[in-house]
Amino acid sequence: MSGLVRSVWHEPRPPDAPRRVWRDWALVVVLVPLAVLEGVLRPDLPWRVFSVVVTAGLTPALLWRRTRPLEALAVCFVTTSLVPVALHGAMLDMYSLAYLLILPYALVRWGSGREIVIGLAVMLAGAGLSVLVEHAAPADAIGPFAVVLSTTTLGGAFRYRSRARARELDQVKLLEREQLARELHDTVAHHVSAMAIRAQAGLATAAARPDAATDALRVIEAEAARALDEMRAMVRILRRDEPADLTPGRHIADIEGLAAPGGPDHPSVGVEISGDLGGLSPSVEAAVYRIAQEAVTNALRHARHATRVAVHVTGDGPSVCLRVSDDGDGGSARPAGPAGYGIVGMAERADLLGGTCVAGPDPGRGWTVTAVLPRNGVAT
387 MSGLVRSVWH
397 EPRPPDAPRR
407 VWRDWALVVV
417 LVPLAVLEGV
427 LRPDLPWRVF
437 SVVVTAGLTP
447 ALLWRRTRPL
457 EALAVCFVTT
467 SLVPVALHGA
477 MLDMYSLAYL
487 LILPYALVRW
497 GSGREIVIGL
507 AVMLAGAGLS
517 VLVEHAAPAD
527 AIGPFAVVLS
537 TTTLGGAFRY
547 RSRARARELD
557 QVKLLEREQL
567 ARELHDTVAH
577 HVSAMAIRAQ
587 AGLATAAARP
597 DAATDALRVI
607 EAEAARALDE
617 MRAMVRILRR
627 DEPADLTPGR
637 HIADIEGLAA
647 PGGPDHPSVG
657 VEISGDLGGL
667 SPSVEAAVYR
677 IAQEAVTNAL
687 RHARHATRVA
697 VHVTGDGPSV
707 CLRVSDDGDG
717 GSARPAGPAG
727 YGIVGMAERA
737 DLLGGTCVAG
747 PDPGRGWTVT
757 AVLPRNGVAT
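Mapping to the numbering used here: the sequence shown position 251 is 637, numbers consecutive.
Derived from the structure by calculation, the hints contain no laboratory data.
One thing to keep in mind: the hints can contain errors.
[Unchecked claim] Distance windows between CB atoms, simulated: (1) Pro419 to Glu457: 19 to 29 Å; (2) Pro400 to Ile659: 37 to 47 Å; (3) His396 to Asp748: 45 to 55 Å; (4) Leu413 to Val439: 13 to 23 Å; (5) Asp737 to Ser548: 20 to 30 Å; (6) Val464 to Cys707: 51 to 61 Å; (7) Ala412 to Gly703: 41 to 51 Å; (8) Gly703 to Arg405: 32 to 42 Å; (9) Asp430 to Phe531: 19 to 29 Å; (10) Gly542 to Pro647: 46 to 56 Å; (11) Ala532 to Arg409: 20 to 30 Å; (12) Arg694 to His396: 49 to 59 Å; (13) Ile528 to His652: 38 to 48 Å.
Using N, Cα and C, we set each Cβ at its ideal position, and we do this for glycine too.
Could you put together the complete structure from these sequences and hints?
This is the structure we're talking about:
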């Protein structure tokens, strides 16, 4: 039990809490007139002017509910708990105060474990004080406690869901890094094999043809430089020490194998490869193929009523561009964010090689994935 308490107490805040946006300001702007309107429409409200002022005055605390959840909750709940004491038992009977339920949710969703424990203690103390001042029966306090418990439970559920998704996204990125590292391993093995063969040839012909040994050294130097570059990239990418998969890597030409004729239940897949695609890094070729394969798979799976999927690969200057688009009407149905795991994997692979990959709906209908990678595959 003590271990559980310590674990909750040291729980950090969720990362990347959203800052204030226009919707937060709009919420405050709407709540203030509502409080005033309620005061006008309820002439029998006790301490009407004072209640309206307190209710409207506490609404700006909502602006800090994500960045400073404990402070926002403490200010509001302490204020509303002390008002009955100051008014000799009169309660703030404003319906507009329902917005205070947002604060317990925000505390559990965005606060640290220490803030959650302190905030819950503040709420319980405030609720207990209100019950004592109002001389309410225990049964009358069950309803408010149940409502607050529901909001905090909802905040905890969303917090857990966000954390679970973050772990799944991290796992997808890790798998992409491992796969790319394995492909880089194949490339390094190829360079080292070429160096060994040239060295053997140079030794065999050194006595009869000294120039051949010099040429072999030049080739070995070039292959060694390429191998070192690939090894540096692999060290940056590889995160876990696991046996490498020595299956051959994919190439740009393999993308043509994704082409398929259309049928009554699935669209056709067309592939077009153009431009200067010579001299690409093997890791870039493999990445272009993997991204194209994933994009085509997603299109066949999610593009409703699509008749064609077009794959274009173009070599242009220092980069290679891949574009996969479909003409389905499921573009608006496929959420742009949070991104699916396939999109996350494609973007991670492109980013590891110093490139970019974006996916989103086209104007009108259809969906497009666009990836741009440097020719030499510089890992970042």
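Okay, Ala532 versus Arg409 on CB: inside 20 to 30 Å?
-> 28 Å, holds
Given the range 32 to 42 Å, decide if the beta-carbon distance of Gly703 to Arg405 lies inside it.
-> Holds - the Cβ-Cβ distance for Gly703 and Arg405, about 39 Å, lies within 32 to 42 Å.
Pro419 versus Glu457 beta-carbon gap, inside 19 to 29 Å or not = 25 Å, holds
Please test the hint of 13 to 23 Å on the beta carbon pair from Leu413 and Val439.
-> Distance hint for Leu413, Val439 holds at roughly 19 Å.
Quick one: are Ile528 and His652 within 38 to 48 Å, going by C-beta?
-> 57 Å, violated
Is the hinted range of 51 to 61 Å satisfied by the C-beta distance from Val464 to Cys707?
-> 59 Å, holds
Satisfaction of the hinted span 45 to 55 Å by the C-beta atoms belonging to His396 and Asp748 = Since His396 and Asp748 have Cβ atoms about 47 Å apart, the given range 45 to 55 Å holds.
Range agreement (Cβ of Ser548 with Cβ of Asp737, hint 20 to 30 Å) | 22 Å, holds
May I ask you to test the hint 19 to 29 Å on the CB atoms belonging to Asp430 and Phe531?
-> For Phe531 against Asp430, whose Cβ atoms are near 27 Å apart, the range 19 to 29 Å holds.
Measuring from beta carbon to beta carbon, are Gly542 and Pro647 in 46 to 56 Å?
-> Once the Cβ atoms are compared, 51 Å apart, the range 46 to 56 Å for Pro647 and Gly542 holds.
Arg694 and His396, beta-carbon distance inside 49 to 59 Å?
-> Distance hint for Arg694, His396 holds at roughly 55 Å.
Determine whether the Cβ-Cβ distance between Pro400 and Ile659 falls within the hinted range of 37 to 47 Å.
-> 44 Å, holds
Against the hints set out earlier in the document, a violation occurs for number 13 only.
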